[in-house]
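K.L.:
Quick note, the sequences are listed as chains A and B, same order.
Here my numbering is used: the first residue of the first sequence is 1, the next is one more, and so on.
Here my numbering is used: the first residue of the second sequence is 1, the next is one more, and so on.
Please note that a few of the clues may not be correct.
BS3-like cross-link-like pairs, simulated, lysine-lysine; straight-line CA separation at most 27 Å [what the hints assert, rightly or not]:
#1 Lys-69(A) to Lys-66(B)
#2 Lys-176(A) to Lys-81(A)
#3 Lys-66(B) to Lys-261(A)
#4 Lys-81(A) to Lys-207(A)
#5 Lys-69(A) to Lys-261(A)
#6 Lys-168(A) to Lys-216(A)
#7 Lys-207(A) to Lys-219(A)
#8 Lys-69(A) to Lys-69(B)
#9 Lys-261(A) to Lys-69(B)
#10 Lys-91(A) to Lys-81(A)
#11 Lys-22(B) to Lys-69(B)
#12 Lys-169(A) to Lys-224(A)
Source of the hints: derived by calculation from the structure; they are not laboratory data.
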Amino acid sequence: MTVSEKNKAVIELLYQLADDDFIHAHRGSEWLGLAPHIEEDVAFSSINQDTMGHAVMYYQLLEELGEGKADELSHMRPPEKFRNAIILEEKNGSGEYLDSPHYDWAFTVIRHFFYDVAKKVRLESLKQSSYEPLAQAARKILTEQYYHLMHWEVWFNQLMTSTDQARKKMEAAIFKVWDDFGGVLTLGPYGDEIVHSGLIENEELLKTRFTERIQKHFKSVNFKLDTEPQMKRGDGRAGVHTYDLEHALKTLSEVYISDPKAIAW
Amino acid sequence: MTPAQNDNSLREAIRHVLESVKDPELPSISIVELGMLEAVTVTGDHTSINLLPTFSGCPALDMIEKEVKTAVSKIDSIQTVDVQFTFNPPWTTDRISPEGREKLKAYGISPPPAHHREGDPWEIDCPYCGSTYVTMENIFGPTACRSILYCRSCKNPFEAMKPVAQDMSS
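The whole structure should be built from the sequences, with the hints applied where relevant.
P.N.:
Put into structure tokens, the structure is as follows:
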């Protein structure tokens with residue numbers, strides 16, 4: 001493999017990692033002031049801020065590889081250049097943040113819990129990445145990921161074992177997230193190059209580890225699901241996205257685009 | 001004095017002024033006591049300061065960088081300063097110095113256990129009365145690195161710094 005091929009593989013993987021955390025943190029941040037109670041508002045904000053920090057680390061690695069400035073990578077790229085999984089861009093529910101937000105907490109708990117389990121699996125593999133700056137970032141992020149995962153695990157266990165209504169909402173959310181969660185677990189069209197470059201272990205192995213961990217959690221709350229996570233709406237790693245991503249990018253880039261001087265601070 | 005000795009004393013001087021730089025979110029403790037200072041390199045009249053961020057989403061880094069530059073620029077023989085944040089090694093809470101731990105307590109923040117490993121039970125003493133009869137109100141607090149607790153013994157709310165250790169599980 002040539003140097004430029006390996007470079008391409010590193011860049012593709014970094015976009016996947018950066019964009020996943022970026023859009024995930026953004027969706028989380030849209031719960032600010034709307035979370036079920038004040039303690040959750042504080043905790044969730046803290047988690048989102050930290051996750052956004054992880055995205056920044058990856059965008060900075062891309063900047064060092066000559067991809068452009070980190071702020072521009074996050075704010076100026078068109079949706080089709082994004083490599084995040086589709087399930088992460090999905091709106092939190094119906095309505096808008098400032099206009100009748102009827103957000104779905106069960107969906108949020110499931111999406112965040114599954115994502116953080118998958119993220120930990122991915123980071124544990126990235127610790128041995130052949131690209132040393134990425135291995136270092138992974139080691140750093142892992143020290144913090146511990147608290148994120150613990151948080152969503154508590155919500156998962158409590159809501160899965162509380163009232164019938166909670167259980168129903170949670171199960172519906174599991175089925176919904178499962179339909180597209182395969183998009184988080186894939187390494188996309190450049191997967192082979194990424195794996196051959198020694199950047200991360202192969203997709204099947206990571207997927208198996210994820211499934212084993214999730215099944216253990218399912219079992220502890222008496223829930224059964226025998227199917228594999230799907231990718232029904234397409235592969236975000238290949239630039240396939242929904243209108244929700246376009247909408248989110250428009251919202252979060254509004255200030256950046258409207259006044260270049262405002263970003264100087 | 002040989003150039004090497006000169007460099008050493010200059011590095012000491014830099015380290016000394018850095019003890020005046022505080023994390024704006026933890027104003028009782030310096031970035032040196034917090035264990036953020038990884039390396040100081042001096043080349044002629046240029047110095048390069050290598051710092052380890054605590055939590056990656058920490059919004060205080062830009063401020064810390066500015067304050068480090070201001071503080072170090074006051075040393076006459078230094079003309080230029082550059083500050084770099086790196087993640088190698090990752091910052092962990094065992095880097096906080098014994099003095100730093102005492103100062104956290106004085107500020108009402110219980111310091112993290114000194115030799116914590118991931119998954120260890122986290123025992124927290126009240127920074128005011130030392131009681132272990134405390135309850136966790138929220139593992140997430142006003143900043144990413146802190147949690148909110150309540151002491152059932154002296155009936156004070158207080159905070160604790162989350163232990164952060166390198167993952168030992170794999």
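K.L.:
Hints the structure violates: just list their numbers, smallest first.
P.N.:
The structure conflicts with no hint, since it agrees with every one listed earlier.
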